[in-house]
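Numbering of the sequence shown is given in my numbering, commencing with residue 1 and proceeding in unit increments.
Simulated from the structure, these hints should not be mistaken for laboratory data. If you're wondering where the values come from, they're calculated on a predicted model, not measured in any experiment. Please note that a few of the clues may not be correct.
Cβ pair distances, simulated, as ranges [as the list claims (entries may be wrong)]: (1) W12 with P51: 28 to 36 Å; (2) P141 with N4: 41 to 49 Å; (3) L36 with L97: 15 to 23 Å; (4) P140 with F68: 33 to 41 Å; (5) P115 with V33: 27 to 35 Å; (6) P140 with M1: 42 to 50 Å; (7) L54 with R10: 31 to 39 Å; (8) V61 with F96: 17 to 25 Å; (9) P140 with R7: 35 to 43 Å; (10) F68 with M1: 33 to 41 Å.
Cβ atoms here follow ideal geometry from the backbone N, Cα and C, with glycine treated the same way.
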Amino acid sequence: MLLNLLRRWRRWRRSRPFWGGLFAVLAGSWICVLPLAPLKIMLQQGVAGIPSVLMGIVMIVLGLTAWFSPPQRSLAGVLTTLIATAALILSNLGGFLIGTLLGILGGGLMFAWQPHAARHTGHTGEAGKAGTVESVVAAPPPPTPHHDPQGAQP
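With the hints as constraints, model all of the structure from the sequences given.
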């Protein structure tokens with residue numbers, strides 16, 4: 001039962017940009033938590049903590065979006081990177097640089113993730129090397145004959 005659970009977890013994790021989403025959630029949490037310091041410190045900060053909390057919440061939502069809706073990974077990755085960069089200016093140096101760096105890393109991983117990679121084959125390839133990578137790209141279709149009204153020949 002445990003082995004089956006681990007297999008399902010591994011399959012779920014590999015079918016989406018898991019690490020990019022995790023880094024985005026961590027970055028959002030880090031940026032969001034810093035302004036929620038004790039009340040004495042928050043009163044000195046004033047209204048400046050509101051953008052930090054909002055950016056953190058949006059980054060957490062974008063990380064969860066990458067997990068639960070993988071087709072939206074490109075948009076989530078770009079927005080996460082932009083918000084992490086904006087947090088550098090608007091939110092305590094982006095969570096003292098830790099939140100910004102985690103957000104940029106997570107956004108890049110989300111944007112770069114691909115759902116289907118090339119398959120590895122165990123048989124010998126043309127060059128005689130075992131384990132070559134098989135291309136998934138199909139050959140282009142042959143050209144279709146067409147009628148030229150002016151009578152030009154190809």
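Flag every earlier hint the structure violates by its number, smallest first. 10
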